[in-house]
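With the sequences and hints as input, model every part of the structure.
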Amino acid sequence: MPLKRVDKTPMPERDAVLRSHDFIEVNEGYNIQRARFEAERCLRCQDPVCIDGCPVKIPIPDFVHAIAAGDMPGAAKILRAANPLPAICGRVCPQESQCEEKCHVGTRFIPVAIGYLERFVADWEMGQPPGEEPAQPTRPEKVAIIGSGPAGLVCAGELARLGHPVTIYEGLHAPGGVLRYGIPEFRLPKGILDWEIEQLKRLGVKIECNVIIGKTILLDDLFDEMGYSAVFVGTGAGLPQFMGIPGENLNGVYSANEFLTRVNLMNANQFPEADTPVMVGKSVAVIGAGNTAMDTVRVALRVGAEKGMIVYRRSDKEMTARIEEHEHAIQEGVEFHWLTNPVEILGNEDGWVTGLKCVRMELGEPDDSGRARPLPIEGSEFIMPVDNVVLSIGNRPNPLLLQTTQGLESNKKGCLIVEDETAQTSLRRVFAGGDAVTGAATVILAAGAGKSAAATIHEDLCA
Amino acid sequence: MAKILEKRALTPVTTLFRVEAPLVAAAAQPGQFVIVRVREGGERIPLTIANYDRDAGTLAIVVQAVGVTTNQLSTLEVGDDILDLVGPLGLAVDVPAGGHVVGVGGGFGAAALWCLMSELSARGDRTTIILGAREKELLILTDELSGVCDNLELCTDDGSEGFKGFVTERLAQLIEGAGPGRPDSVVAIGPMPMMRAVTETTREAAIATLVSLDPLMIDGTGMCGGCRVTVNNEIKFACVDGPFFDAHQVDFNEAVRRNKMYVAQEQSAKDRAVCRSAMTGQD
Ligand SMILES: Cc1cc2nc3c(=O)[nH]c(=O)nc-3n(C[C@H](O)[C@H](O)[C@H](O)COP(=O)(O)OP(=O)(O)OC[C@H]3O[C@@H](n4cnc5c(N)ncnc54)[C@H](O)[C@@H]3O)c2cc1C
Ligand SMILES: Cc1cc2nc3c(=O)[nH]c(=O)nc-3n(C[C@H](O)[C@H](O)[C@H](O)COP(=O)(O)OP(=O)(O)OC[C@H]3O[C@@H](n4cnc5c(N)ncnc54)[C@H](O)[C@@H]3O)c2cc1C
Ligand code: SF4
Ligand code: SF4
Ligand code: FES
Numbered sequence: 001m002p003l004k005r006v007d008k009t010p011m012p013e014r015d016a017v018l019r020s021h022d023f024i025e026v027n028e029g030y031n032i033q034r035a036r037f038e039a040e041r042c043l044r045c046q047d048p049v050c051i052d053g054c055p056v057k058i059p060i061p062d063f064v065h066a067i068a069a070g071d072m073p074g075a076a077k078i079l080r081a082a083n084p085l086p087a088i089c090g091r092v093c094p095q096e097s098q099c100e101e102k103c104h105v106g107t108r109f110i111p112v113a114i115g116y117l118e119r120f121v122a123d124w125e126m127g128q129p130p131g132e133e134p135a136q137p138t139r140p141e142k143v144a145i146i147g148s149g150p151a152g153l154v155c156a157g158e159l160a161r162l163g164h165p166v167t168i169y170e171g172l173h174a175p176g177g178v179l180r181y182g183i184p185e186f187r188l189p190k191g192i193l194d195w196e197i198e199q200l201k202r203l204g205v206k207i208e209c210n211v212i213i214g215k216t217i218l219l220d221d222l223f224d225e226m227g228y229s230a231v232f233v234g235t236g237a238g239l240p241q242f243m244g245i246p247g248e249n250l251n252g253v254y255s256a257n258e259f260l261t262r263v264n265l266m267n268a269n270q271f272p273e274a275d276t277p278v279m280v281g282k283s284v285a286v287i288g289a290g291n292t293a294m295d296t297v298r299v300a301l302r303v304g305a306e307k308g309m310i311v312y313r314r315s316d317k318e319m320t321a322r323i324e325e326h327e328h329a330i331q332e333g334v335e336f337h338w339l340t341n342p343v344e345i346l347g348n349e350d351g352w353v354t355g356l357k358c359v360r361m362e363l364g365e366p367d368d369s370g371r372a373r374p375l376p377i378e379g380s381e382f383i384m385p386v387d388n389v390v391l392s393i394g395n396r397p398n399p400l401l402l403q404t405t406q407g408l409e410s411n412k413k414g415c416l417i418v419e420d421e422t423a424q425t426s427l428r429r430v431f432a433g434g435d436a437v438t439g440a441a442t443v444i445l446a447a448g449a450g451k452s453a454a455a456t457i458h459e460d461l462c463a
Numbered sequence: 464m465a466k467i468l469e470k471r472a473l474t475p476v477t478t479l480f481r482v483e484a485p486l487v488a489a490a491a492q493p494g495q496f497v498i499v500r501v502r503e504g505g506e507r508i509p510l511t512i513a514n515y516d517r518d519a520g521t522l523a524i525v526v527q528a529v530g531v532t533t534n535q536l537s538t539l540e541v542g543d544d545i546l547d548l549v550g551p552l553g554l555a556v557d558v559p560a561g562g563h564v565v566g567v568g569g570g571f572g573a574a575a576l577w578c579l580m581s582e583l584s585a586r587g588d589r590t591t592i593i594l595g596a597r598e599k600e601l602l603i604l605t606d607e608l609s610g611v612c613d614n615l616e617l618c619t620d621d622g623s624e625g626f627k628g629f630v631t632e633r634l635a636q637l638i639e640g641a642g643p644g645r646p647d648s649v650v651a652i653g654p655m656p657m658m659r660a661v662t663e664t665t666r667e668a669a670i671a672t673l674v675s676l677d678p679l680m681i682d683g684t685g686m687c688g689g690c691r692v693t694v695n696n697e698i699k700f701a702c703v704d705g706p707f708f709d710a711h712q713v714d715f716n717e718a719v720r721r722n723k724m725y726v727a728q729e730q731s732a733k734d735r736a737v738c739r740s741a742m743t744g745q746d
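If you read the protein sequences in the order shown, they are chains A and B. Residues 1 to 463, numbered by the numbering used here, are exactly what the first sequence covers, in order. Residues 464 to 746, numbered by the numbering used here, are exactly what the second sequence covers, in order.
For the record, the hints were derived by calculation from the structure and aren't laboratory data. Since this is a predicted model, take the numbers as computed values, not measurements. Do not take every clue at face value.
[Claimed, not checked] Restraint ranges, calculated between C-beta atoms of paired labels, are given here: (1) A:206 x B:554: 28 to 38 Å; (2) A:109 x B:554: 54 to 64 Å; (3) A:220 x B:520: 12 to 22 Å; (4) A:126 x B:503: 43 to 53 Å; (5) B:645 x A:377: 53 to 63 Å; (6) A:225 x B:620: 46 to 56 Å; (7) A:201 x B:471: 36 to 46 Å; (8) A:244 x B:520: 51 to 61 Å; (9) A:335 x B:503: 29 to 39 Å; (10) A:419 x B:723: 25 to 35 Å; (11) B:540 x A:73: 45 to 55 Å; (12) B:714 x A:411: 24 to 34 Å; (13) B:640 x A:439: 34 to 44 Å.
Idealized CB from N, CA, C, for every residue including glycine.
In structure tokens form, the structure reads like this:
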């Protein structure tokens with residue numbers, strides 16, 4: 001029977017002081033006792049509103065019930081049928097604004113820890129002997145997937161299960177998209193991503209790295225010359241934005257993408273064993289307050305910064321980072337400067353960053369995004385001494401593919417335009433999903449888009 | 464992976480490789496580059512496509528050993544694979560047709576002029592290459608280059624071959640009408656100080672000039688912004704908007720300064736690599 005306990009079962013975490021110097025995962029995961037104990041808090045509601053909060057509509061009470069009953073294979077089956085990347089989403093979904101926000105228990109108590117439970121089941125599954133037998137393609141229509149982020153990976157897996165020969169083309173030398181180069185190891189161990197990719201390969205999915213569609217191969221040539229019947233575009237939103245303030249090109253200024261890529265993809269934390277360096281001084285200011293900013297500042301501490309700061313022009317209420325990341329960052333000693341807007345990056349005569357000139361802000365009326373508009377307080381300028389500035393103020397879709405593909409339409413923010421129902425772009429048999437369509441969003445939305453696009457692609461090809 | 468089919472030492476520090484890369488060769492245009500990675504844990508570094516053979520599916524690249532990765536690459540032999548090779552990246556060089564185009568090359572820049580001048584000659588432009596080096600032995604690819612342009616002008620600092628002096632001095636003479644005569648446009652590829660000097664030489668004469676900027680790069684697809692340069696007071700990403708830019712609009716001071724960002728680390732990595740290979744007896 002469901003048990004009324006106010007608090008969720010705590011997630012064991014590594015000590016904040018220790019972990020802020022290494023890249024080992026912060027959350028250690030539930031064991032079976034904790035998982036069952038937590039699963040018993042679920043009320044198995046008649047009207048499971050939690051499901052409404054989940055972009056891929058996981059039958060949450062069913063898998064939670066299976067855990068409570070100790071039926072792990074059952075839980076795993078339910079989960080994987082709905083979400084192809086459960087070990088990843090259980091770790092990185094902003095649950096507090098999705099499934100857990102809706103959970104009934106949350107109206108009076110702390111909601112059921114759906115994300116932790118999802119992660120537990122997925123981790124259990126990884127420890128089991130391989131299940132699904134490698135299938136032979138049963139359909140003649142080949143599909144090409146552009147980009148190996150969550151959208152592309154999920155779309156590929158679903159299409160392979162539906163019997164299509166599938167090839168993923170990835171521009172970088174390793175697959176995974178933001179899961180590889182953006183989200184750091186201490187939040188999403190690369191071994192988990194590698195395991196998921198291994199499963200896809202077992203399904204017969206081919207992954208060709210070092211191929212940029214639009215440069216190495218034109219999108220049109222995938223059809224005529226290479227014989228693909230359909231293409232899914234999951235190229236993400238990887239183009240970093242700069243603020244346009246003076247000093248952005250000083251030495252010691254990074255985009256969050258560059259900073260994280262140097263560490264996560266190129267292993268700069270292992271320099272000089274790995275050949276790519278990253279330059280961090282004593283004090284690092286990260287501008288922005290999303291997941292990317294939180295990851296960046298925590299990575300900065302781990303690669304040697306003594307002081308890591310978040311500088312954000314709005315207040316903590318408007319922050320878009322996951323609550324858990326914010327809490328972990330506080331525990332690790334990150335400083336938060338809310339209502340602080342950078343106006344200039346200052347440097348010395350050799351061109352190295354020495355400081356960040358900021359102005360204090362106050363909140364005014366809500367703006368278009370519904371969040372309070374920050375307004376500068378006159379005469380409040382001050383200078384923060386810093387050695388590095390990392391800009392984490394958002395990314396846009398990369399225009400590479402658009403520049404070389406005639407007839408592929410995008411909106412003024414560079415996002416691909418697709419039909420809501422079918423995910424088809426302005427080009428026939430070219431479908432798209434994930435950040436390339438929505439602009440920077442979440443892993444589960446990208447995965448969900450990949451999954452539903454796979455269904456429509458299959459339908460279209462078999463019609 | 465790209466298999467090495469041919470290796471030729473051009474100078475003690477410069478090596479030409481012909482590699483198997485059919486997809487890149489099929490798409491390549493003059494002025495574009497590839498990014499390679501030589502070992503697990505290795506850096507991604509950009510290298511210009513010196514030439515390509517679409518039928519054979521091969522690329523020529525010329526590497527000047529300056530640091531860890533270029534040295535590792537230089538030790539690879541025929542039959543070895545380059546671990547990762549991606550391209551073609553960047554935009555093709557866009558030179559107005561029908562005039563007298565002068566390509567100025569120094570260091571590995573000579574290689575970059577190879578397919579470019581070949582294409583310009585083929586479309587009917589009048590073409591001159593000014594190739595410079597400290598001394599005769601360091602002039603590279605002279606046979607190949609003389610075959611792809613109307614006039615090849617060699618310059619050495621010590622006068623051991625051709626014109627005695629810098630490429631810019633010879634360029635200034637051409638602008639005055641000497642030799643093959645005044646250029647309608649100039650393309651300069653080579654070390655930053657050389658490109659800068661060329662830029663100043665053509666600025667006064669108001670001759671349209673392109674330079675190939677070589678900032679540090681990682682992805683080469685516009686994802687990191689590490690390769691940003693300032694041109695005409697705007698931020699540009701050299702990997703997707705370049706690498707060729709209007710020389711007279713480039714902020715060279717900034718470009719030079721940004722390339723020095725990791726000098727200390729690069730040196731320590733090099734020392735470390737030397738030490739590593741000494742300990743294991745391998746490269
Ligand atoms: C640092 C960071 C932290 C984040 N944290 C979270 C989080 O905690 N929770 C969450 O839900 N979301 C988070 N996000 C957002 C989430 O990662 C993205 O929404 C998601 O990865 C988008 O998936 P995607 O498949 O659309 O694209 P991406 O993951 O961006 O993958 C696109 C891939 O396509 C490749 N590509 C692009 N163009 C081409 C081309 N022309 N040819 C071949 N390949 C190409 C790219 O190299 C890349 O590998 C975070 C994002 C960042 C940057
Ligand atoms: C578009 C482009 C095309 C290029 N084409 C070629 C080519 O065809 N052949 C070739 O040999 N090189 C080329 N380069 C330069 C080459 O990428 C660098 O020499 C290489 O990255 C150095 O790596 P490393 O690890 O060997 O040296 P590092 O250890 O990184 O550096 C060693 C020394 O070289 C300097 N250096 C580092 N990077 C560069 C750079 N990008 N430009 C100039 N100096 C640098 C450093 O300041 C340091 O003093 C090109 C660069 C770009 C951006
Ligand atoms: S996928 Fe995300 S939103 Fe859906 S149940 Fe899992 S954690 Fe919640
Ligand atoms: S809303 Fe909460 S309590 Fe109800 S079924 Fe969903 S998880 Fe269980
Ligand atoms: S190399 Fe990363 S944006 Fe140009």
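Structure-based check of all given hints:
1. Between residue 206 of chain A and residue 554 of chain B the CB atoms are about 30 Å apart, so this pair conforms to the stated range of 28 to 38 Å.
2. Distance hint check for residue 109 of chain A and residue 554 of chain B: the Cβ-Cβ separation is about 58 Å, which falls inside the suggested range of 54 to 64 Å.
3. For residue 220 of chain A paired with residue 520 of chain B, a C-beta distance near 20 Å keeps the hint of 12 to 22 Å intact.
4. Here the CB-CB span from residue 126 of chain A to residue 503 of chain B is close to 24 Å, at odds with the stated 43 to 53 Å.
5. With their beta carbons about 59 Å apart, residue 645 of chain B and residue 377 of chain A fall inside the hinted range of 53 to 63 Å.
6. Between residue 225 of chain A and residue 620 of chain B the beta carbons are some 49 Å apart, a value that agrees with the proposed interval 46 to 56 Å.
7. A C-beta distance of roughly 38 Å is found between residue 201 of chain A and residue 471 of chain B, which places it inside the suggested range of 36 to 46 Å.
8. For the hinted restraint 51 to 61 Å between residue 244 of chain A and residue 520 of chain B, the CB-CB distance of approximately 44 Å leaves it violated.
9. Evaluation of the 29 to 39 Å hint for residue 335 of chain A and residue 503 of chain B yields a pass: the beta carbon distance comes to about 36 Å.
10. The hint said 25 to 35 Å for the Cβ distance between residue 419 of chain A and residue 723 of chain B, and at roughly 50 Å that hint is violated.
11. Checked against the hint of 45 to 55 Å, the C-beta distance between residue 540 of chain B and residue 73 of chain A comes to roughly 52 Å, which is consistent with it.
12. Between residue 714 of chain B and residue 411 of chain A the CB atoms are about 32 Å apart, so this pair conforms to the stated range of 24 to 34 Å.
13. Judged by the Cβ atoms, the range 34 to 44 Å given for residue 640 of chain B and residue 439 of chain A is violated: they are separated by roughly 56 Å.
Hint compliance for this structure: hints 4, 8, 10 and 13 are not met, and every other hint is.
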